[in-house]
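A.B. asks: If you want the building blocks of each chain, they are given just below.
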Amino acid sequence: MLSKRVISCLDVRDGLLAKSIKFVDTKDIGDPVARASKYYQDGLDELVFYDITASSDHRAIMLDVVSRVAEQIFIPFSVGGGLRSVEDCAKVLLAGAEKVNLNSAAVTNPGLIADVSQAFGAQAMVLSMDVMRVTPSAEIPSGYEIVINGGRKLMGLDAIEWAKIGEGLGAGEIVVNSIDSDGTKDGYDIQLTRKIAESVRVPVIASGGGGTPEHLYEVLTAGRADAALIASMLHYDEYTLGEIKSYLSQRGIPVRSVGIDK
Amino acid sequence: MITIIDYKAGNLTSVKRALDHLGIESRITADPEKVRHAERILFPGVGHAGAAMRVLQERGLDEALWDAYAGGVPILGICVGAQVILSHSDEGDTQCLDLLPGDCQRFRLDDLRLRVPHMGWNTLEVVRPHFILKDVNPGDQFYFVHSYYPQPEYADDIYATTNYERDFPAAIGHANLFAIQFHAEKSGMIGLKLLENFVDWIP
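Sequence order for the protein chains is A and B. Mind the numbering: the first sequence is residues 3 to 264 in the numbering used here, read in order. Mind the numbering: the second sequence is residues 161 to 363 in the numbering used here, read in order.
Simulated from the structure, these hints should not be mistaken for laboratory data. From the three backbone atoms N, C-alpha and C, an ideal C-beta is built for every residue, glycine too. You may find that some hints are simply not true.
Claimed, not checked - A few chain A residues facing chain B, derived, Cβ under 8 Å:
1) D47
2) F76
3) G98
4) R203
5) P205
Stated by the list, open to error - Computed cross-link-like contacts, DSS-like style, restricted to lysine-lysine with a CA-CA straight-line distance of at most 25 Å:
6) A:K155 / A:K166
7) B:K294 / B:K168
8) B:K194 / B:K168
9) A:K155 / A:K197
10) A:K40 / B:K176
11) B:K176 / B:K194
12) B:K353 / A:K40
13) B:K168 / A:K93
14) B:K353 / B:K294
15) A:K197 / A:K166
16) A:K93 / B:K176
17) A:K197 / A:K187
Here chain A stands alone, though its shape is the one from the complex:
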């Protein structure tokens, strides 16, 4: 039976982890390669690196980090942030990522989804969307609107519509990130995730709001997500991957058992 995936996202700035992360072993502080490697050993199913480097001068550092991670972890690995062209994507794929995550660049230039999908295959083209809850209107019938630039700019585009457009253009997976839930640790936006999951046939990854294993359970069942993205609950050592997966497994969710104590 196909398992539900537990994916973790690391925000990387200038080659270092953007969030200050508490480590038991202090020598690991700030090193995304060490953190990725630990999660791999602990049973993570998939890893996302999100490059929030402000200066384009520092992009080369990210490529170096991607390649060092790819030498050590042997699970699917995707990279997003700052990718604006097929060439940008080719560089991170060559450095060792399997997939690229496109977000704002895909909204402003939807043709990029098709170009990347044709160049590297739909399985490599992940469409990541930031979504904000708004009052339903003629323009935004679902009440979920696409935003870009980290949630600062509303795009007048309905999230359900955008998911369908993205799938039609060749996105192989969709990450649904709720701006309202992000960072709250109060749970994923179940209704949003479910609406997207029922509108497309490609896998849907829920993002934003995961704070407890129960939140993952809810979005993987009621939210109909195929995978859940987690960040702080893992980065701040609030839960281990083993604890999260044991919980899901006990509640009947099929998960990959690596990392669960038998």
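Knowing the structure of chain A, use the given hints to seat chain B on it.
C.D. replies: Leaving out everything else, chain B in the frame of chain A:
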């Protein structure tokens, strides 16, 4: 020395990195002569079966693979490499290498709740023992991403199955040829173990 076949089918470097990590020597080549005289061949790939076959033919790698197979060279196909070894693929109605009689078929996916492609971690049921699969325990999972699956003509050529809508062959082979639909190079430690076993395998 493992010879990795370069036919523009996706990220060959991920397979190379996995072998490097294991300390296994390998080289990536598109030279049919090097394939013909390889010690062992790794035949990876993602993408479209039709596109894969075109490049193999353009580079003369199709004939090199036939010769290597006939000459007893151990060959491991991965993903698209496990599909184009069959006689035919429904993807683009493509005539394939025909190293193993069979057909590559598309998931029907009449159940609209099932995602396309089959993507993620899934279990294997070993139906016939094989040296390469000797360390696989029930419950071990492997990373899949595909919309088509290999269906050998003879049941004896199926070594393991996986369930997605139906049981489909996930590990197939015959004599010195073995092929897996999942990505061993992206399947964590158990996946790496399979690659190690391939290196030690004497057909």
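A.B. asks: It remains to establish, for every hint, whether it holds in the given structure.
C.D. replies: Outcome of the hint check:
no.: 1; hint: D47; verdict: holds, 6 Å
no.: 2; hint: F76; verdict: holds, 6 Å
no.: 3; hint: G98; verdict: holds, 6 Å
no.: 4; hint: R203; verdict: holds, 5 Å
no.: 5; hint: P205; verdict: holds, 5 Å
no.: 6; hint: A:K155 / A:K166; verdict: holds, 21 Å
no.: 7; hint: B:K294 / B:K168; verdict: violated, 31 Å
no.: 8; hint: B:K194 / B:K168; verdict: holds, 17 Å
no.: 9; hint: A:K155 / A:K197; verdict: holds, 22 Å
no.: 10; hint: A:K40 / B:K176; verdict: holds, 22 Å
no.: 11; hint: B:K176 / B:K194; verdict: holds, 17 Å
no.: 12; hint: B:K353 / A:K40; verdict: holds, 19 Å
no.: 13; hint: B:K168 / A:K93; verdict: holds, 16 Å
no.: 14; hint: B:K353 / B:K294; verdict: holds, 10 Å
no.: 15; hint: A:K197 / A:K166; verdict: holds, 11 Å
no.: 16; hint: A:K93 / B:K176; verdict: holds, 17 Å
no.: 17; hint: A:K197 / A:K187; verdict: holds, 21 Å
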